[in-house]
Amino acid sequence: MSGPGEQGAPATAEPPGARDGDSGALLQVRNLVKHFPITRGILVQHKVGAVQAVDGVSFDVGRGETLGLVGETGCGKSTTARLVMRLLDPTSGEVRFDGRDISRLKGSRLKEVRREMQMIFQDPYSSLNPRKTIGSIISEPFAIHGLEKDSGARKKSVQELMETVGLNPEHYNRYPHEFSGGQRQRIGVARALALKPKLLIADEPVSALDVSIQAQVLNLLRDLQREFGLALIFIAHDLSVVRHMCDRVAVMYLGRVVEIGTGDDLYGSPRHPYTGALLSAVPVADPSRHRSERRLLTGDVPSPANPPSACRFHTRCPKAQERCSVDDPPLESKGTGTLAACHFPLSSEEIATIGIGQSG
Amino acid sequence: MSAGEALLRVEDLKVEFPTEDGVVHAVDGISYQVQAGKTLGIVGESGSGKTVSSLTTLGLTRRQGARVSGRILFEGRDLVSLPEDQLRAIRGNEIAMIFQDPLSALHPLYRVGKQLVEAVRAHRAVSKAKARERAVELLGLVGIPDPAKRVDAYPHEFSGGMRQRAMIAMALANEPKLLIADEPTTALDVTVQAQILALMERLQRELGMAILIITHDLGVVAEMADDIAVMYAGRIVETGSAESIFAKPQHPYTWGLLRSIPRLDSPRDEELVPIFGTPPSLISPPSGCHFHPRCPYAQPEHARIDPQLEPLGDEPSHFVACLLEADVRSRLWSELGAGGTPEEALAEAGLKAAEGSVQTAADGLPPGADA
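Read top to bottom, the protein sequences are chains A and B.
Note that the working numbering has the first sequence beginning at 1, numbered continuously upward.
Note that the working numbering has the second sequence beginning at 1, numbered continuously upward.
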């Protein structure tokens with residue numbers, strides 16, 4: 001069995017996904033690996049394999065920047081976010097936040113770092129304690145970190161936060177069930193902002209919301225990010241939403257980043273066949289532009305417990321050749337802006353057949 | 001809508017559920033029709049009544065104690081008044097349905113093949129062996145690899161996309177004339193969604209069935225539907241051909257839906273314009289136009305007058321239920337469609353802003369949230 005994280009790219013100081021000449025990035029993720037053991041046995045458990053949820057992921061997030069993580073179910077995007085937050089311990093690899101490696105921190109030093117990064121979850125119904133008032137939910141970060149001890153000052157801070165996210169501060173004493181889905185997501189955002197973090201991670205923040213409510217929350221996140229200069233990792237499976245929200249986008253497949261670049265480059269000229277297939281699959285709300293020639297992927301995502309050799313996409317890739325199953329492609333520039341891990345990147349003719357409007 | 005007799009014709013359908021909190025007016029007098037071999041897309045958010053109306057078509061709201069009025073004519077037979085045993089002969093046979101969540105719609109303890117056999121034998125007097133052959137054939141038809149082996153698998157051994165394919169196979173078991181698909185791809189990844197939509201289109205071509213697709217996703221209806229009905233708070237607010245609805249949408253709610261989703265083919269920095277507030281309670285829906293509390297263009301009298309679906313002057317098959325004048329609507333949409341905000345559109349159309357709506361739009365609070 002090969003060692004974890006041995007993707008084509010070496011672990012040098014300038015890894016794939018880093019932005020040009022930017023050493024002062026807020027977050028630097030290097031060769032991050034998370035393997036969940038698969039065990040058998042009742043009393044004595046022995047390991048019989050591993051789910052390679054994240055397998056050698058590297059990227060940077062600059063201050064105030066938004067990085068989108070996209071990919072299908074099971075590609076490792078949420079696990080990556082949890083590793084960055086240290087809600088999970090990485091198997092190997094580094095997470096550098098503000099210049100220092102936090103991937104092995106413990107106890108009070110970890111707690112200190114966690115003040116700087118906060119998370120917003122997908123389901124606004126299960127991520128709020130139904131027995132607590134909104135006021136106590138939003139002020140919980142203060143309690144955990146021993147801040148704003150004076151109750152009057154704490155209440156004032158909470159009400160300011162509520163106002164910031166567009167909630168009525170008078171609703172301080174109400175319970176989560178009295179709020180709609182969109183308002184609950186605002187409560188989650190207020191709680192995440194309480195400690196004035198530098199990095200916010202939003203894991204599918206709008207996918208549980210109705211269409212008309214989604215835009216409210218997306219606009220709120222964008223406004224807050226501009227106002228507070230927050231860095232944001234935005235995880236979503238909806239490619240249109242990610243394009244709208246993000247400066248740069250990383251496309252993940254089976255635990256790896258297969259393509260990364262600025263939104264304009266990645267959506268304008270995607271080079272990895274998987275990115276192309278994802279974009280091609282998005283239905284466009286315009287009946288006059290019905291795309292007859294879609295590049296439909298066949299089959300399903302293979303199991304991350306037993307991923308294909310070398311390039312993990314080769315089993316479903318329309319362009320795959322012999323080499324793709326033996327030689328792992330490194331994440332590297334293909335000359336059009338993005339970095340892609342592919343031996344046979346899409347040509348400009350193939351990009352044109354994806355059929356996405358090039359307006360704007 | 002062509003002159004030929006429609007396969008399914010729904011007339012003034014009302015569905016109400018008496019509850020402890022009051023009567024829920026889930027569907028409030030809707031009419032639509034589905035032509036044989038064509039696709040109607042019903043678009044709306046949660047609570048708009050789109051699912052209840054289709055469940056009622058199959059008589060699936062009867063046990064919930066729903067009060068149903070109006071007519072649902074399927075090839076001339078009224079499904080609302082049809083006795084249960086006759087309805088059962090239609091359900092799963094002439095009209096089939098697929099649901100959003102294939103995991104909960106398949107029985108976890110029975111093999112997929114057995115469930116397919118059951119669907120076939122419910123309506124056909126064939127031997128188990130024959131039905132099993134048909135099950136294998138159906139799995140192959142929906143693109144499940146190695147169907148002869150997969151027929152003995154349990155649902156948990158299938159991926160999400162394969163489960164939805166199995167659901168479609170089950171729905172197709174008796175070659176229905178009408179397939180009702182309720183959010184068939186919402187739980188699926190975008191690549192799998194594209195596969196399932198392509199599959200439904202192919203099967204429609206090959207089998208000539210009509211499809212009623214229910215979704216909140218405007219992209220999905222644009223790809224699939226010939227005709228579209230937009231539902232809000234239990235009513236159809238706009239209906240017409242897909243081309244006409246997307247080319248010149250008429251209802252402010254439709255505009256709201258169109259402007260609140262980011263699109264791959266629009267400029268990246270285009271501002272999203274959310275519909276402020278939240279969908280109304282169906283126990284006590286707003287008076288007059290149900291949308292008026294959330295409508296940036298509503299005028300005071302819109303809270304009193306019930307709008308009726310009326311045809312457009314230049315497009316008689318395109319109907320809208322809106323109290324704004326046609327020329328005002330076209331001025332509003334020309335501004336909005338070009339990326340303008342509701343405020344700019346109001347100025348362009350020379351309208352006065354609805355009381356408080358613009359301010360509430362800014363902070364996103366539903367009207368009346370401030371006690």
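FYI, nobody ran anything at the bench for these hints, they're computed from the structure.
It is possible that part of the hints are untrue.
Listed next, with one range per pair, are the computed distances between beta-carbon atoms [what the hints assert, rightly or not]:
#1 269/B <-> 353/A: 46 to 56 Å
#2 71/B <-> 352/A: 22 to 32 Å
#3 347/B <-> 92/A: 28 to 38 Å
#4 339/B <-> 133/A: 39 to 49 Å
SDA-like mimics (lysine to any residue), calculated; alpha carbons at most 25 Å apart, straight line [as the list claims (entries may be wrong)]:
#5 149/B <-> 308/A
#6 198/A <-> 269/B
#7 319/A <-> 146/B
#8 111/A <-> 73/A
#9 38/B <-> 296/A
#10 248/B <-> 81/A
Just so you know, these numbers come straight off a predicted model, no measurement behind them.
Where is the CB? At the ideal position from N, CA and C, for every residue including glycine.
Here's how the hints hold up against the structure:
no.: 1; hint: 269/B <-> 353/A: 46 to 56 Å; result: violated (26 Å)
no.: 2; hint: 71/B <-> 352/A: 22 to 32 Å; result: violated (50 Å)
no.: 3; hint: 347/B <-> 92/A: 28 to 38 Å; result: violated (59 Å)
no.: 4; hint: 339/B <-> 133/A: 39 to 49 Å; result: holds (41 Å)
no.: 5; hint: 149/B <-> 308/A; result: holds (23 Å)
no.: 6; hint: 198/A <-> 269/B; result: holds (24 Å)
no.: 7; hint: 319/A <-> 146/B; result: holds (24 Å)
no.: 8; hint: 111/A <-> 73/A; result: violated (30 Å)
no.: 9; hint: 38/B <-> 296/A; result: holds (24 Å)
no.: 10; hint: 248/B <-> 81/A; result: violated (42 Å)
Figure legend: structure checked against the earlier numbered hints; hints not met, in rising order: 1, 2, 3, 8 and 10.
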